[in-house]
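Q: Since each chain comes alone in its own frame, lean on the hints to assemble the complex.
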Amino acid sequence: MGKTIAQKIFEAHIRDTPTPANVVLDLDVVMCHEITTPIAINDLVERGLDRVFDPNKIKVVIDHVTPSKDSKTATQAKILRDWARRQNIRDFFDVGSNGVCHALFPEKGFVRPGYTVIMGDSHTCTHGAFGAFAAGVGTTDLEVGILKGVCSFRLPETLRINLTGTLPDGVYAKDVILRIIKELTVHGATDKIMEFRGPVVDAMSMESRMTLCNMAIEAGGTCGICLPDRVTAEYLWPFIGSDYATIDEAVADFARWHSDPDADYRGEFNLDVSALVPQVTYGYKPDEVKDVTEMEGTPVDQIYMGSCTNGRIEDLREAVRVLKGRKLADGVRGILSPATPKVYNEALTEGIIQHFLAAGFCVTNPTCGACLGMSNGVLAEGEVCASTTNRNFNGRMGKGGMVHLMSPLTAAAAAVKGYITDPRPLLD
Amino acid sequence: MKKRFGGPAICLDRNDINTDEIIPAKYLTENSKEALKPFMLEDLKLEGFDCASEKARNAGVIVTRANFGCGSSREHAVWVFEVNGINMVIAESFARIFRQNMFNCGLLAVELKKEEIDRIFALGDDLDVEVAGTDLKVRGGGRELDFSFKLNQFDHDLVTAGGWLEYANRKY
Ligand code: SF4
Numbered sequence: 093m094g095k096t097i098a099q100k101i102f103e104a105h106i107r108d109t110p111t112p113a114n115v116v117l118d119l120d121v122v123m124c125h126e127i128t129t130p131i132a133i134n135d136l137v138e139r140g141l142d143r144v145f146d147p148n149k150i151k152v153v154i155d156h157v158t159p160s161k162d163s164k165t166a167t168q169a170k171i172l173r174d175w176a177r178r179q180n181i182r183d184f185f186d187v188g189s190n191g192v193c194h195a196l197f198p199e200k201g202f203v204r205p206g207y208t209v210i211m212g213d214s215h216t217c218t219h220g221a222f223g224a225f226a227a228g229v230g231t232t233d234l235e236v237g238i239l240k241g242v243c244s245f246r247l248p249e250t251l252r253i254n255l256t257g258t259l260p261d262g263v264y265a266k267d268v269i270l271r272i273i274k275e276l277t278v279h280g281a282t283d284k285i286m287e288f289r290g291p292v293v294d295a296m297s298m299e300s301r302m303t304l305c306n307m308a309i310e311a312g313g314t315c316g317i318c319l320p321d322r323v324t325a326e327y328l329w330p331f332i333g334s335d336y337a338t339i340d341e342a343v344a345d346f347a348r349w350h351s352d353p354d355a356d357y358r359g360e361f362n363l364d365v366s367a368l369v370p371q372v373t374y375g376y377k378p379d380e381v382k383d384v385t386e387m388e389g390t391p392v393d394q395i396y397m398g399s400c401t402n403g404r405i406e407d408l409r410e411a412v413r414v415l416k417g418r419k420l421a422d423g424v425r426g427i428l429s430p431a432t433p434k435v436y437n438e439a440l441t442e443g444i445i446q447h448f449l450a451a452g453f454c455v456t457n458p459t460c461g462a463c464l465g466m467s468n469g470v471l472a473e474g475e476v477c478a479s480t481t482n483r484n485f486n487g488r489m490g491k492g493g494m495v496h497l498m499s500p501l502t503a504a505a506a507a508v509k510g511y512i513t514d515p516r517p518l519l520d
Numbered sequence: 096m097k098k099r100f101g102g103p104a105i106c107l108d109r110n111d112i113n114t115d116e117i118i119p120a121k122y123l124t125e126n127s128k129e130a131l132k133p134f135m136l137e138d139l140k141l142e143g144f145d146c147a148s149e150k151a152r153n154a155g156v157i158v159t160r161a162n163f164g165c166g167s168s169r170e171h172a173v174w175v176f177e178v179n180g181i182n183m184v185i186a187e188s189f190a191r192i193f194r195q196n197m198f199n200c201g202l203l204a205v206e207l208k209k210e211e212i213d214r215i216f217a218l219g220d221d222l223d224v225e226v227a228g229t230d231l232k233v234r235g236g237g238r239e240l241d242f243s244f245k246l247n248q249f250d251h252d253l254v255t256a257g258g259w260l261e262y263a264n265r266k267y
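Going down the list, the sequences are from chains A and B. End of the first sequence sits at 520 in this note's numbering; the numbers just go up one at a time, nothing left out. End of the second sequence sits at 267 in this note's numbering; the numbers just go up one at a time, nothing left out.
Chain B with its partners taken away, still in its complex shape (with noise of 0.2 angstroms):
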């Protein structure tokens, strides 16, 4: 794969964190990605996050719950992430639109069972995620876990050619 995956983790501890909490439709007459970048989670109202914290500022990852990404087609809800240097987000579910713009930017979108989910944040929230191949090793407080992710061929295949648009590009 092109990009490198994996980082310091933020835990966002709930389901259904929609699109309009990652990024506000007030932001969205942007015309460039990069000016996204300050307003990162900027609605999403979760005890103990503050979307303005070093921590959430130098993260790699987003280890979340069920749903993540509801709501809204917009794909300003990934490019803020990407800008923020987050690579992927791991997830029980995703809401369809938003796992599919992660994949078409080169990014990942990775789901793992309610039960390992409960294991990481487990964890403590100081994580640090690897990534190699479908394999995440992650640790925090001490301890490390392994876990290993399904990725659809087609998924891989939009990664590892950089996105969508390259891939279609190409083939189309």
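Chain A extracted, bound-state conformation (with noise of 0.2 angstroms):
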């Protein structure tokens, strides 16, 4: 019986078998923010063992809340620092470096095809994009990961995913994504790895399989993961150069992490994206999802672009397409977030930022902020939003407050129109 990619990387980690189902792994990545690593700095400290297992695979960053928006985060924010200084940690992103995690590390080329990543944050999943292991911890692994460098976690079991046909313009990979959860369900992937296959995912590009990976936990997964490829290689080239002769070697290379065509999968789900249209969700779940067309006049108060999920290059872009020349609809508020610092100055070079601008939105620096309801675009009691994000739990964006996820396409449709609308009769 052949190996998934999964397995793959498992075998090539392994620490420890403290019994046959579960598995210690050694870590080549440790991630950390501010909001579930000050804990684990503290519980290190008073138990005497301020110390890290490798400084160099440690990658930590301020994101959540930055700049600080009172004591208490500003507190966070110094224990991180200062640890960080204090433990020689190199790769630590404070305010004017900083940016959302899960799309600042990739840009780094901090996550390579075959690593183990874990970080305190449940989207640590979206790193699966190239060809990883990377899963989202609680502070205990994160602060266990930090001392020793190791993580456990019971046997993968791969469900695999099968995405065929072709996109159509104006849908993409979150449209897949979200239409992935309505069918899986919240729950339909726990303990299960997600492994995207097929045209769709060989065609798309790194920030689209960031997008699709980003939500395998919408669905209970522990990790999404896509097979590592010339797009994948290309991607990360200005990080590997020095390790490969060509980029043709270092794709070779990355195929002996491809699942094996025997390979033992728990189960498959196909999905031929063909006739896929954009997807919104309507209630307090992720699997709570329906055609755009069937929320066709849904009001609301608020657009939000950015986060880990869509607040990288390609959203703006594709976001772009529908605000260009319009203006945010009578009554309606939009908010920016470029996901990173590169991000906002690509987006500053090629024009963009001055059409979201011109269409009157508001555009923050980096950070997770309203993703989360914790500052820069909390909702009211009773406020819609339109999200480009990844949860639409009762209370994400603040208490009594409604979100809808949907793509930046969709979400840009939403900003102009005042309501939730289909993307594509504004394409030009």
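I should point out that these hints are in silico values taken from the structure, not numbers from a laboratory. Keep in mind that a hint or two might mislead.
As the list claims (entries may be wrong) - Calculated pairs, DSS-like style, for lysine-lysine (alpha carbon to alpha carbon, straight line, at most 25 angstroms):
hint	chain 1	residue 1	chain 2	residue 2
1	B	Lys132	A	Lys164
2	B	Lys140	A	Lys491
3	B	Lys132	A	Lys491
4	A	Lys161	B	Lys128
5	A	Lys170	B	Lys132
6	B	Lys140	A	Lys382
7	A	Lys170	B	Lys150
8	B	Lys150	B	Lys128
9	A	Lys164	B	Lys128
10	A	Lys274	B	Lys209
11	B	Lys121	A	Lys491
12	B	Lys132	A	Lys161
13	A	Lys170	B	Lys121
14	B	Lys140	A	Lys274
15	B	Lys128	A	Lys491
16	B	Lys140	B	Lys128
17	A	Lys161	B	Lys121
18	B	Lys150	A	Lys164
What the hints assert, rightly or not - Computed from the model, here is a short list of chain B residues facing chain A with C-beta under 7 angstroms:
hint	residue
19	Ala120
20	Thr124
21	Glu142
22	Ser167
23	Ser168
24	Glu170
25	Arg191
26	Asn196
27	Gln248
28	Trp259
29	Leu260
30	Glu261
31	Ala263
32	Tyr267
For glycine and all other residues, C-beta sits at the position ideal for the given N, C-alpha and C.
A: Now the structure itself:
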């Protein structure tokens, strides 16, 4: 019986097998942000264990609330900042160089095919787009990861998601993943790895693959994963150029991680995307998804563009296809949070930011902010937000607020119309 | 096992209760577990459930449905239970990260079949749970039910060690 990519990665990282069903893996990267790490740091200090397993393998960012909004968030930032300095962690990103973790760290080339990655953040599954095993964990797992460079997992079972057909214009990775979650439900992939396969994935950019993998957790998945290929190698080339003579060589090397043709899958899920239309959530769970046409006319108060799901340059380019030359509808407010400084810069150079500003959007610094209702666009009771984020839980963006998840294009359409609508007629 | 498990139980009769409902994001700026105490289940809207009630405050056990603890990785969702004296959650199933967080903190995440959870809920809402090894005794409405649950050896060892940090620090 062949092996899946996840099984191959697991086998290459086994430190211990405490039981036949559990493994303890060596970690290549441990990522940290200011919400879930400070308590781990404080606990290590209290226990007299204020050490790190390898400062080069720890990547740190302040991203959820930045610049700090009050004394409590300032304290969280300070604990992280002081610790990074004390432990000689060079890859530390603070105000001015920081951005949303799952957009920033890939940009820096920190994740490579075959890596094992953890972070105290459920959307760590995003990094599986690079052919890595990347899992969100709690603070105790993070703490042990920081101290010992290991994490425990049950043996991986993989769900193979086959995406066939061709994406129609105006339909994106976000629509695909929302549809998958609708079909699988919020626990359809619990304890499983979602391996995204097929011509649709092969044709996707790294940005789109990250959008797919980002929401694996919303179906309960431990990790989303794509097979690393030429697209991966080209994205990573600035960082791996010294390891390989040519891109071809990198592509050939990456192939050793690929799932075998006779690999053992726990289940398969097939979706032909050719007839897919833009998807929108309607309730408080990410599997409560409808075709945009069924949501037509739902009024919105705020548009939020950003987050680790859809705050990348590709997303902003798509939104501008609708926003260009148009204005926010009366009474609607728009907030754009480019996910990283690099995205912000590119968007400026390409004139994208100018289109957002001309449409009447407020452009914030790169941060999570409104995505989790912490800052920069929290909803009031009864308000409705068209959002490019990944979670629509009750209260997620503010107590009593309602979040409709959708693609950047669909959010842009809501921005100019003031209600949820099919973006495709607005495309030039 | 180090801790004593069981006690009066509260019933949360709904699938997919997420970590935002257990502890809203706005409290994640706290840097101590103790500070989370007043906010347990604050955003959970469930008929007949009042997070501020004495019953909720005195509970040692939560009995609930499928996919409990889905969503965010925040261990705050486990800590807020811990500081409120809740030592175990009995559910049809758990989200992976939440379940791992429970064992990592030395607490019990116990899975029972849907029919078994149905039978527990049928005892009414004045419940008391007693744990001996992997056996459960649930009392309520003048009746008593016995169950046994499976505990993976590794999870058992984490609970015995008092959590993953204690286990890993000794072993790795
Ligand atoms: S953008 Fe939102 S979902 Fe992504 S890491 Fe930040 S808070 Fe989490």
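Q: Does each hint hold? Answer for all of them.
A: Outcome of the hint check:
no.: 1; hint: B:Lys132 - A:Lys164; verdict: holds, 17 angstroms
no.: 2; hint: B:Lys140 - A:Lys491; verdict: holds, 12 angstroms
no.: 3; hint: B:Lys132 - A:Lys491; verdict: holds, 19 angstroms
no.: 4; hint: A:Lys161 - B:Lys128; verdict: holds, 21 angstroms
no.: 5; hint: A:Lys170 - B:Lys132; verdict: holds, 24 angstroms
no.: 6; hint: B:Lys140 - A:Lys382; verdict: holds, 24 angstroms
no.: 7; hint: A:Lys170 - B:Lys150; verdict: violated, 38 angstroms
no.: 8; hint: B:Lys150 - B:Lys128; verdict: holds, 21 angstroms
no.: 9; hint: A:Lys164 - B:Lys128; verdict: holds, 14 angstroms
no.: 10; hint: A:Lys274 - B:Lys209; verdict: holds, 23 angstroms
no.: 11; hint: B:Lys121 - A:Lys491; verdict: holds, 10 angstroms
no.: 12; hint: B:Lys132 - A:Lys161; verdict: holds, 23 angstroms
no.: 13; hint: A:Lys170 - B:Lys121; verdict: holds, 18 angstroms
no.: 14; hint: B:Lys140 - A:Lys274; verdict: holds, 23 angstroms
no.: 15; hint: B:Lys128 - A:Lys491; verdict: holds, 22 angstroms
no.: 16; hint: B:Lys140 - B:Lys128; verdict: holds, 23 angstroms
no.: 17; hint: A:Lys161 - B:Lys121; verdict: holds, 12 angstroms
no.: 18; hint: B:Lys150 - A:Lys164; verdict: violated, 31 angstroms
no.: 19; hint: Ala120; verdict: holds, 5 angstroms
no.: 20; hint: Thr124; verdict: holds, 4 angstroms
no.: 21; hint: Glu142; verdict: violated, 15 angstroms
no.: 22; hint: Ser167; verdict: holds, 5 angstroms
no.: 23; hint: Ser168; verdict: holds, 4 angstroms
no.: 24; hint: Glu170; verdict: holds, 4 angstroms
no.: 25; hint: Arg191; verdict: holds, 5 angstroms
no.: 26; hint: Asn196; verdict: holds, 4 angstroms
no.: 27; hint: Gln248; verdict: holds, 5 angstroms
no.: 28; hint: Trp259; verdict: holds, 5 angstroms
no.: 29; hint: Leu260; verdict: holds, 6 angstroms
no.: 30; hint: Glu261; verdict: violated, 10 angstroms
no.: 31; hint: Ala263; verdict: holds, 5 angstroms
no.: 32; hint: Tyr267; verdict: holds, 5 angstroms
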